[in-house]
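Protein chains in written order, with my numbering: chain A, 100 to 211; chain B, 210 to 325.
Keep in mind that the hints were calculated from the coordinates and are not lab data.
On a predicted model such as this, the values are computed, not experimentally measured, just so you know.
One thing to keep in mind: the hints can contain errors.
To be verified - Pairwise CB distance ranges, derived in the manner of DEER restraints:
| # | chain 1 | residue 1 | chain 2 | residue 2 | range |
| --- | --- | --- | --- | --- | --- |
| 1 | B | ILE221 | A | ARG159 | 36 to 46 Å |
| 2 | A | ASP181 | B | LEU248 | 18 to 28 Å |
| 3 | B | LEU293 | A | ARG159 | 40 to 50 Å |
| 4 | A | THR126 | B | GLY249 | 35 to 45 Å |
As the list claims (entries may be wrong) - Simulated crosslink set (BS3-like; lysine-lysine; CA at most 25 Å straight-line):
| # | chain 1 | residue 1 | chain 2 | residue 2 |
| --- | --- | --- | --- | --- |
| 5 | B | LYS224 | A | LYS102 |
| 6 | B | LYS280 | B | LYS224 |
| 7 | A | LYS116 | A | LYS167 |
| 8 | A | LYS140 | B | LYS280 |
| 9 | B | LYS220 | A | LYS140 |
| 10 | B | LYS271 | B | LYS287 |
From the three backbone atoms N, C-alpha and C, an ideal C-beta is built for every residue, glycine too.
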Amino acid sequence: ELKVEQNPLFLSMQEGKNYTIYCNYSTTSDRLYWYRQDPGKSLESLFVLLSNGAVKQEGRLMASLDTKARLSTLHITAAVHDLSATYFCAVDGTGTASKLTFGTGTRLQVTL
Amino acid sequence: EAGVVQSPRYKIIEKKQPVAFWCNPISGHNTLYWYLQNLGQGPELLIRYENEEAVDDSQLPKDRFSAERLKGVDSTLKIQPAELGDSAVYLCASSLEQGATTGELFFGEGSRLTVL
Numbered sequence: 100e101l102k103v104e105q106n107p108l109f110l111s112m113q114e115g116k117n118y119t120i121y122c123n124y125s126t127t128s129d130r131l132y133w134y135r136q137d138p139g140k141s142l143e144s145l146f147v148l149l150s151n152g153a154v155k156q157e158g159r160l161m162a163s164l165d166t167k168a169r170l171s172t173l174h175i176t177a178a179v180h181d182l183s184a185t186y187f188c189a190v191d192g193t194g195t196a197s198k199l200t201f202g203t204g205t206r207l208q209v210t211l
Numbered sequence: 210e211a212g213v214v215q216s217p218r219y220k221i222i223e224k225k226q227p228v229a230f231w232c233n234p235i236s237g238h239n240t241l242y243w244y245l246q247n248l249g250q251g252p253e254l255l256i257r258y259e260n261e262e263a264v265d266d267s268q269l270p271k272d273r274f275s276a277e278r279l280k281g282v283d284s285t286l287k288i289q290p291a292e293l294g295d296s297a298v299y300l301c302a303s304s305l306e307q308g309a310t311t312g313e314l315f316f317g318e319g320s321r322l323t324v325l
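Sequences and hints are given; from them, build the entire structure.
Below you can see the structure in the form of structure tokens.
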């Protein structure tokens, strides 16, 4: 059974600081997704990582994937308050009926 | 272009009552998903459709939950009877894909169920 773990579960950081959220998963996969969720809202797709070594950047967020280590990171550069949200990674399980398994989420709070 | 549309957004019912949620996916998306999200947790897949066919319903509690996607477009998720533990957000998502590997999912805003 595929397990996806994120850490930290909660992160409070000041504006302007850098930090990294980690996503570990337990079985082979070469597709990983990052989503953002604001309170009471739905999930918004941030990044789709499709191969080992993939790196994608959008604004102050950068995501990478290491399939050999079964690890993805979401790096936040010079955080701003608008980035406050919960971030989920989701891994595509292999098999004939693949599905996404989500991590428990990292709640990010950026303080002014 | 309209995104994934769900209704109702909020529903409060008493236990043992039935409830139904409706989802209209993004036009042209052949794959539709129902996810359950408990407070403070990530979404968990309940059922996945490719067109009209339920290709993965292994996590759907079939004693009380049912779903249908009759014409391969919109879908309904039903709970009968509801239990206190069913209080959660029910998310619908859709994607455009072929075969076994999932692509990018687009989520609706969810239906928040409270069972009293």
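A quick look at each hint next to the structure:
no.: 1; hint: ILE221/B / ARG159/A: 36 to 46 Å; in the structure: holds, 39 Å
no.: 2; hint: ASP181/A / LEU248/B: 18 to 28 Å; in the structure: holds, 23 Å
no.: 3; hint: LEU293/B / ARG159/A: 40 to 50 Å; in the structure: holds, 41 Å
no.: 4; hint: THR126/A / GLY249/B: 35 to 45 Å; in the structure: violated, 25 Å
no.: 5; hint: LYS224/B / LYS102/A; in the structure: violated, 32 Å
no.: 6; hint: LYS280/B / LYS224/B; in the structure: violated, 31 Å
no.: 7; hint: LYS116/A / LYS167/A; in the structure: violated, 29 Å
no.: 8; hint: LYS140/A / LYS280/B; in the structure: violated, 28 Å
no.: 9; hint: LYS220/B / LYS140/A; in the structure: holds, 16 Å
no.: 10; hint: LYS271/B / LYS287/B; in the structure: holds, 10 Å
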